[in-house]
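Engineer: Okay, here's what each chain looks like letter by letter:
Protein chains: 2
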Amino acid sequence: MAQKPSIPKGTRDFSPIEVAKRSYIMNTIKEQFQLFGFHPIETPSFENSDTLMGKYGEEGDRLIFKILNSGDYLNKVDDVLYGSKDSSKITSKISEKALRYDLTVPFARYVVQHQNDIDFPFKRYQIQPVWRADRPQKGRFREFYQCDADVVGSKSLWQEVDFIQLYDKVFSKLGLEGVTIKMNNRKILSGIAEVIGASDKLIDFTVALDKLDKVGEEGVKKEMLAKGISESAIEKVKPLFNFTGDTSEKINKLKELLVSSEEGMKGVEELEFIINTIAEIPLDKTSLDLDVTLARGLNYYTGAIFEVAAPEGVKMGSIGGGGRYDDLTGIFGLKDVSGVGISFGLDRIYLVLEELNLFPDTVAQSTKALFINFGKEEALYSLKSVHQLRRSNIVAELYPDSAKMNKQMKYANKREIPFVILAGASEMENDNFTVKNMQTGTQETMNLEELELLLK
Amino acid sequence: MAQKPSIPKGTRDFSPIEVAKRSYIMNTIKEQFQLFGFHPIETPSFENSDTLMGKYGEEGDRLIFKILNSGDYLNKVDDVLYGSKDSSKITSKISEKALRYDLTVPFARYVVQHQNDIDFPFKRYQIQPVWRADRPQKGRFREFYQCDADVVGSKSLWQEVDFIQLYDKVFSKLGLEGVTIKMNNRKILSGIAEVIGASDKLIDFTVALDKLDKVGEEGVKKEMLAKGISESAIEKVKPLFNFTGDTSEKINKLKELLVSSEEGMKGVEELEFIINTIAEIPLDKTSLDLDVTLARGLNYYTGAIFEVAAPEGVKMGSIGGGGRYDDLTGIFGLKDVSGVGISFGLDRIYLVLEELNLFPDTVAQSTKALFINFGKEEALYSLKSVHQLRRSNIVAELYPDSAKMNKQMKYANKREIPFVILAGASEMENDNFTVKNMQTGTQETMNLEELELLLK
Chain A
465 MAQKPSIPKG TRDFSPIEVA KRSYIMNTIK EQFQLFGFHP IETPSFENSD
515 TLMGKYGEEG DRLIFKILNS GDYLNKVDDV LYGSKDSSKI TSKISEKALR
565 YDLTVPFARY VVQHQNDIDF PFKRYQIQPV WRADRPQKGR FREFYQCDAD
615 VVGSKSLWQE VDFIQLYDKV FSKLGLEGVT IKMNNRKILS GIAEVIGASD
665 KLIDFTVALD KLDKVGEEGV KKEMLAKGIS ESAIEKVKPL FNFTGDTSEK
715 INKLKELLVS SEEGMKGVEE LEFIINTIAE IPLDKTSLDL DVTLARGLNY
765 YTGAIFEVAA PEGVKMGSIG GGGRYDDLTG IFGLKDVSGV GISFGLDRIY
815 LVLEELNLFP DTVAQSTKAL FINFGKEEAL YSLKSVHQLR RSNIVAELYP
865 DSAKMNKQMK YANKREIPFV ILAGASEMEN DNFTVKNMQT GTQETMNLEE
915 LELLLK
Chain B
465 MAQKPSIPKG TRDFSPIEVA KRSYIMNTIK EQFQLFGFHP IETPSFENSD
515 TLMGKYGEEG DRLIFKILNS GDYLNKVDDV LYGSKDSSKI TSKISEKALR
565 YDLTVPFARY VVQHQNDIDF PFKRYQIQPV WRADRPQKGR FREFYQCDAD
615 VVGSKSLWQE VDFIQLYDKV FSKLGLEGVT IKMNNRKILS GIAEVIGASD
665 KLIDFTVALD KLDKVGEEGV KKEMLAKGIS ESAIEKVKPL FNFTGDTSEK
715 INKLKELLVS SEEGMKGVEE LEFIINTIAE IPLDKTSLDL DVTLARGLNY
765 YTGAIFEVAA PEGVKMGSIG GGGRYDDLTG IFGLKDVSGV GISFGLDRIY
815 LVLEELNLFP DTVAQSTKAL FINFGKEEAL YSLKSVHQLR RSNIVAELYP
865 DSAKMNKQMK YANKREIPFV ILAGASEMEN DNFTVKNMQT GTQETMNLEE
915 LELLLK
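In the order they appear, the protein sequences are chains A and B.
One point on numbering: in my numbering, the residue at position 252 of the first sequence is 716, and numbering is uninterrupted.
One point on numbering: in my numbering, the residue at position 317 of the second sequence is 781, and numbering is uninterrupted.
Hint data in this document are derived by calculation from the structure and do not stem from the laboratory.
One copy or two, either will do: identical chains are not told apart, so a pair holds if it fits within one copy or between any two.
No farther apart than 20 Å at their CA atoms in a straight line, the calculated lysine to any residue pairs in the SDA-like style are these: (1) Lys-878 with Gly-617; (2) Lys-868 with Gly-617; (3) Lys-468 with Gln-579; (4) Lys-848 with Ser-751; (5) Lys-730 with Asn-740; (6) Lys-557 with Gly-547; (7) Lys-646 with Ser-782; (8) Lys-494 with Ala-828.
Computed from a prediction, not measured in an experiment: that's the story for all the values here.
Same shape as in the complex, but just chain A (with noise of 0.2 Å):
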C-alpha cells in the first residue's frame, strides 16, 4: 500500500542546512528589528475569509487558499444555488475560512481589533509565512516567509529615515555590498501626472520611463507617443531623460520640473528632509537612490516608496520594499491612522547570498565530536563525558549503536564531524580518550578537560 511520496507543487522542504541559512538570515533581521525598537507579533495561519476577501483585487482573490468547512458542509448550500455548480458563487458557502496572502491586511486587521492594548505609534514586526496560488515558477513558490516591520500612528518622516537606516544594517550585517535603496513617493508621481496633464496615463510614463537604458531617449519618446502622452507634455518633463547625478542633483532636477504642481512640491520637500537626514548619519554598505520610476504598489502607498535592488551583477528582482500608506485601517474602520513599513524578500536575500559566497561558514551548528560506541560499558564511560561537554555548550554525540568502526568513521566523515573521540579499556583505565582530527588524520590523547579546550 506504499505510496510514492511528494510534496504539492510549489512547496518546498528544507534539509537542515537550508533550514539553518534561511535561519541565519531571519534571526539577523530580528536582531536589526529588535535593536530599532520593532516588537514581534503573530497572527493566525487562516483568517475569516471576510477579513482578506476584496482587499487584493479580483486577481488577488482568486490566488487565495481556501479552507474547505468541516463536516457535512454541503448540506448548507440551497438546493437551487448547487443546481448551479458555480464555483465561484458557491465557494463562500462551503468554505469560511483562507490562507493568510500577506501580512500587512492581518496587521491592519490586528491593529483594529487591539486598538485598545495598543500604545500609539506602534511599531510591530512579524515574520511569517503567506500562502498564495500562483502559478509556480522559479524563485516563486505558493509558500513562503514575509519579513515585514511596520509602524503605524505617526506621520513623522523620521521613520522614512529609520527605515532606510534599517535596511541598511541588515544588508551590513549580512555582508552583502553594493546593495541599492532606491526610493521615491507616491506625490511626486502626482506630481508627473499633473505635468503631463493626465492621471490615467502615469503608469504608462513611468513603464516607458524606465526603459531609457535599453531602448534610449528616441525610444522611449516613441513609446510614450504610442501611449498617447503629447509631445508637449514629453517636453515639460525632458529633465527626467537624463536624471542621472547624485541625489542632491535630481531634487534640484525634480525642483525645477514640478514647480508648477503643489503636490508634487511636497513629495520633493519629503524626499529632499529624507536624503539630507542620511547624509548626516551615514549608511554603511548600501547606497540610496532616488528612482522616479519607482511605481510600486501605487494603488496604496500615498507618500514614500522603497525598493531595494540587489548589487549590480546579481540577476535578481528587488530583495525588499515598502512605502507608506495613509490609511491601511480604514478598511477595518479605524480611520486616520498613517503607517509606513517595510519588507525584506527572504527567498532571494538567500539566492543572492548564495550567488556570492557569503554565508559563514559557521552557520549552521553541527556536531563537533563524535564518540565511538565500543558496546555498553565504553559507552557509558563515553556518555558521561558527551553530557559534561554539552553542559559546556558543546555540540557532542555517542554513535547510537556499537557498530563497525568503519561504520561509524564513515558516519562522522559525511556529516563532517571534525572529531571523533575512542574511548576502550585502556583510556578507561587511565581515565582519558584518543581523540582523531578528522581533518589531519592525528591522534592524540588527552584527559576531559583538554579535550573541552580543544573542541571550544
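Given the coordinates of chain A, work out where chain B should sit on it, guided by the hints.
Structural biologist: Using the frame of chain A, we list chain B on its own:
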C-alpha cells in the same frame, strides 16, 4: 463598509509579550536540541491529501483541514456524484491538499522522499504549527505549535537515555522543578495482557488501574471485574496494586509478575537498562518514574513510552510525550526503519511557567532609552546618538513626532522604558544629554560615552 474584525475560533493573535515568552521557550528547547546533535528540518504547511488521509484514524481524517482546489473546481466533479450532494464523497474531488495535522507523518514522508540524501541514524528536530478542526476549548486550539525531536535508523536504547536527558536539560534550563518523566514500555503492556489472559482487555485494565489513587484497591477490582477481567487474572497482577517504591523496586515487582511472558521480560530488561544508565548520569531537576498505566499512543509505539507530568500542584495534563515506533516510514514504503522521538507541549509549558511565575524579567528585549523629540535640529542630534547606541546593541529610539512633552513621557511610561533622554539647545551646545531615570525620577547630565555605559 467597515467590518468588525475578528479571527476564526480556536486561533490566536500573539501580542509582543506573548511572542517573546513563546520564543523564550522555543529557543530554550531549540538550543538543547542542537546541543544534543539534532538538526532542524521544515516541511510545507500543506501536504497532498493522500499523504495525510488515513494516517490518523477515522476521527483524525475528519479533523484534518482541507484546502479547496483553485479555479472552477466543481467542473471536475462528475454530474452523478455531484447530484448525490454527499460531502464525504465529494471532498476528495474538490480538495487535493490539506493542512499538516502533526509533524510525525510529514517527517516520515520527508525521510522516505529524501532517503538518498540522509545519513542514518538521522536526528532531526522540527518546530512548526499544526492544524486540527477540533472543537476549541480551554487549552485546545485549532492552530498550535509542535516541538518534536526524533531519531530514525537505530534501535539503540542509548537514544532513549539521551531523550530522557534532553527532557531533563530543557526543563532544568526553564527553571521548572518537580517535573516527572514517566516511562513505560509497550512490551510490559503486552506482558500484562498475556498475564491477564486477554490483550483486548488491556486498555480497560490500565484505565481501571489508573484510578487506584481515587477509588482504592477494592474500587479498581470492582471495575476490572465489571469489565470482564477474571478474579484469577486480577490475583496474578496483584503486585501492580501496590506499585510503589523507587524505580528499582518497581523493576523487581515487574520481574516477578511478568516472569512467564517473554515479551514482558524483554520490556523489563529495556526499562532496567535505561534506569540503570540514568542512575549513572544523574538528572538535574527532573525525576524518572515508572508508570505501568501509561498507554499513550498504544497503537503505534512498540517500545519505550514517555509522558512528562508538570510539577505536582500545577493542574495541567502532560507537558510532553513520546516513544519508540518500529515502523513509522513503512506507510510510505521504507521498511524496517526504527525511530524514537519526543515532543514538548509548548502551550501547556507556557501556562505552567506563567502560573509559577518562571518567565525571566528579561524575556522581552525592550527599549532601553527613548529620546524625546523637540523638533528637527534636536531630533537629528538625538538620532545620531540613537544609531551609535544601536551599534553597541542597545535598543534605543527617537520619539517620531515633536509632540507635547507630556505625551512623549506618557508613551515611555506605558511601554516601561527605563530611561528618557532629553537634548535641547543647551545639551547640544555642550555635546551631552539630560538623562531621566523613569523609576527613581532623578535626572543627570552626561555625555554619550557615559550614557552608553549606563545603558549597558
